[in-house]
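*Asks:* Chain by chain, the residues:
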Amino acid sequence: MTGRGTAVIAGAYEHPERIIPVGSVAGVIADVVHGALADAGLGIERVDGFFYAGVHQGTNLVTMADYLGLGPLSYYDSTDTGGASPVSQVGHAAMAIAAGKCSVALVAMGGRARSEKRGSTGGPVPQDAYEGVYGLTQPAAYALAAQRHMYEFGTTSAQLAQVRVAAAHHAQYNPNALYRDPVTVEQVLDSPLISDPLHRLDCCVTTDGGGAVLVVSEEVARELPRRGVRVLGHGEALKTPGPGRIDLTYTAAAVSGPRAFEEARVTPADIDMASIYDSFTITVLLSLEDLGFCDKGKGGRFVEDGALLAPHGVLPFNTDGGGLCNNHPDRRGGMIRLIEAVRQLRGEAAPEVQVADCELALVQGQGHALGTRSAAATLILGREDVR
Amino acid sequence: MTGSELQVPRCPHCETLIWFPRSHCPLCTSPDLELVPVSGDGEVYSFTVNRRPTGAYKDAGAVVIAYVELAEGPRVMTNIVDVDPDQVRIGLPVRAVYQDDLLRFAPRPEAT
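Chains A and B, in that order, give the protein sequences.
With my numbering, the residue at position 102 of the first sequence is 102, and numbering never jumps.
Quick note, my numbering runs 1000 ahead of the 1-based positions in the second sequence.
Any given hint might turn out to be false.
Over 12 Å on every C-beta distance to chain A, these chain B residues come out as not near it, computed from the model [stated by the list, open to error]:
(1) Glu1005
(2) Pro1031
(3) Gly1091
(4) Pro1107
To give an idea of the interface, some chain A residues facing chain B are shown, with a C-beta separation under 7 Å as derived from the structure [what the hints assert, rightly or not]:
(5) Gly135
(6) Thr137
(7) Leu144
(8) Ile194
(9) Asp196
(10) Gly244
The hints are simulated quantities; they were obtained by calculation from the structure and are not laboratory data.
Just so you know, even glycine gets a beta-carbon here, dropped at the ideal spot from N, CA and C.
For reference, chain B alone in the conformation it holds in the complex (with noise of 0.2 Å):
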C-alpha cells in the first residue's frame, strides 16, 4: 500500500473525518461511518524524539513519534521515518508510507 492509498473513516451525516477508527461518529452518534481516500499528504504537528523506548522498540534506539496534521484535518499519532531524527520539525511536510503493516509517515521528496 501506498501513502496515497490512505483511507480514513468519514461520517456520512455529519461529514466529520475521523481519527481514530471507532463504531460511532463521536460528534453526531452516527454508526454508518464509511471509509474515504485522502491524499496521504500531512504535517508534523508535534513530534518527541523517544530515547528511552520499550517493548517493540527497545532495540530500536531513538524513535522519532509524532502527530501529522493531514492535509484533510485530522491529526493521527504515527512515527517518522527515513529521516534524520534531528532534522524533524514541526511544520515538516511529511507523505504516508506503510512500514510493518503500520501508517507511519516520511518527509516529501519536496522537503528535504
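Pulled out of the complex, with its shape left as it was, chain A reads as follows (with noise of 0.2 Å):
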C-alpha cells in the first residue's frame, strides 16, 4: 500500500538543457536536485529521504548525498530498473511516507550521455555469452517485439509512426525539446532503417540533463504555497523468459497497470493524460495495450486517428515531446515523463497541449529491453484536490 493519497508530489524540476557539452553528472544532477527544491519551496535541510538509482555515469547514492549535502538520512533506495526507476522510486517514496520513514523524499536522475557517448551500464551479466555475443542492440532488442507484434496482430509501420507523429506535434510547443519539428508518417517511413522494422524516427533521443521530483507527506504538503499533485496508485513488475520461453506480445505493464489502478480505484476509461515510456514506438503501443486502454492487438488501430494527440485526443500522451522528441536523458526517459504528468495534473503544460480539467494521469515507466528482459513501473497521479 502506498497509503493512497497522503504522499504528494510538491516540487519537480527537469533541466532545461538537452546538450551539456561542458560539466560534471554530478553537478547536473545538483542543478535538478535545486531546481526541484525551488519549485516545491523547500529547503536542502528538509530533505531526510533520498532515491537514487545510484548508477548514472559512476556515480552512486553515497557520494551524490555527500556531494549534495544531504543530512543524515532517515530512508534511502538505490532501486535500478533502468529507465523505469524513478517511476518505481516515487512509489517506494510514498511507501516510505506511509510507513512514517521520511516526509521529504527527493528522487533524482541525470546524466551526460549524449556528450559523453555512453549511458550507465553496469559490469559483465549472465547473459552476456548468449545475448550479447549475436550483436544485440537497443534498438535490436525492441524491434524483435515489433516485428512480432506486426506478425501476430497486422501492426503497420505506418501505425507505429503515427506515436512519433503525435509526440512531435507536441514537441513545436516545446522550446527545449531536442527536435521541435512537426513530422508525418512518410517521414518516419522513409527515415533510415535501424533494426527491422524500427526506423531511426522510431526510436527515443539521446540527451544530456536529468530530473528530479519531492514527494513529501500531506502534512508538510499543507505548508507548501504551489499546488501538489497526489500519489494515487502504484504497481511494479519484473518480466523475464525464465526459462527461455519468451512471449514478446506483452510488457510488465500488463501486471503493473493493474496493479496501479487497483490502489488507485480508477480505471483507464478514468485516464485524462497519459505520459507513457516512448524509448520506441513500438514500447507505446504495446504499453497502451497492456494497461487497458485498448484491446491486445489493437495498439495500432488505437493510435490511428489522433486518439494520442494533446489537447482533445482520446488519450493526450507526452504532451511535452517525449522521449521520442523532447528529452531522454542517460537514456532513460521516467522521470521526464513523471514531470509532465505533474505538468498537465498543475494545469502547467504548454497552453496548446494542457488538457482542460486535468485530473487524473498516468505515468508508465518501462526498463531495460522489451526483447529481453524488463521492467515496468506504473503510477496514477490525482490533482491535489483528487481523491
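With the hints as a guide, dock the two chains, each given alone in a separate frame, to form the complex.
*Replies:* So, in C-alpha cells, the structure goes:
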C-alpha cells in the first residue's frame, strides 16, 4: 500500500538543456535537485529521504548524498530498473512516507549520455555469452518485439509512426525539446531503417540532463504554497523469459498497470492524460494494450486518427514531446515522463497541449529491454483536490 | 560441431529444458542440471535486421538477430546466417550451425 493519496509530489524540475558539453554528471544532478527544491519551496535541510538509482555514469547514492550535502537521511533507496527507476522510486517514496520512515523524499537522476556518448551501463551480466555476442543492441531488442507484434496482430509501420507523429506534434510547443519540428507518417517511414522494422524516427533521442521530484507527506504539503500532485496508485513488475520461453507480445505493464489502477480505485477510462515510456514507438503501443487503454493487438488501430494528440485526443500522451522528441537523459526516460504528468495536473503544461480539467494522469515506466527482460512501473497521479 | 550435436541444459527434477545455461533451474531451483542433446531444428520466432551493428559487428553490414524456437521448446537468441537478410521471416525453418564458435542457425535445406 502506498497509503493512497497520502503522498504528494510537491516539486518537479526538468533540466532545461539537452546538450551539456561542459560539466559533470554530479553537477547536472545538483542542478535538477536545486531546481526541484526551489519549485517546491523547500530547503535542502528538509530532505530526509533520498531515492537515486545510483548508477548514473559513475556516481552512486552515497557519493551523491555527500556531494549534495544531504543531512543524516532516515531513508534511502537505490532501486535501479533502468528507465523505469524513478517511476518505481516515487511509489517506494510514497510507501516510506506512509510508513513514517521519511517525510520529504528526493528522487533524482541525470547524466551526460549525449556528450559522453555512453549511458549508465553496469558490468558483465550472466546472459552476455547468449545475447550480447549476437550483436544485440537496444533498438534491435525492441525491434524483435515490434516484428512479432506485426506478425501476430497485423500492426504496420505506419501505425507505429503515428506515435512519433503525435509526440512531434506536441514537441513543437516545448521550447526546450531537442527536436521541435512536426513530422508526418511518410517522414517516419522514409527515415533510415535502424533495426527492422524500426526506423530512425521510431527511436527516442539521446540527451544530456535529468530531472528531480520531491515527494512529501500530506502534512509537509500543507505548509507549501504550490499546488501538489497526489500519488494515488503504484504498481511495478518484472518480466523475464524464465527458462527461455519469452513471449514478445506483452510487457510487465500488464501486471504493474492493474496493480496501480486497483490501488487508485480508478480505471483506464478515467485517465485524462498519459505519460508513457517511449524509448521506441513499439514501447508505447505495447504499453497502451497492456494498461488496458485498448485490447491486446489493437494498439495500432488505437493510435490512428489522432487518439494520442493533445488536447482533444481520446488519450493525450507525452505532451512535452516525449523521449521521442523532447528528452531522454542518461538513456532513461522515466523521470521526464513523470515530470510532464505533474505539469499537466498542475495546469502548467504548454497552453497548446494542456488538457482541460486534467484530474488524473498515468505514468508508465519501462526499463531494460522489451525483447529480453524488463521492468515496468505504473503510477496513477491525481490533481491535489482529487482523492 | 554440427547442429545435431547441440546440447541444452535440462532439469532432471521438473524436466524443463532451459535456455540460457545457468547454475540452478529457474523453475524448481534444482542445481543438478544436465546437458541433453536436441535436434538442432527450430523455427524463427522473431527477428530483426540490425542495419547499424556495433562492437564486433561494426563492419558486418546487416546482421540478422533472431529468437529461434527449438523444436523442443526453448526460444534461443541467435543469428540467422547463410541467408539473404531480406528472405528471413517468422516461421522460417532453421537448423543449428556453429560459426566462429557461436551457436547460430541457417535455413533448413527444405526451406530454400
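*Asks:* Going back to the hint list, which numbers does this structure go against?
*Replies:* Failing hint: just 3.
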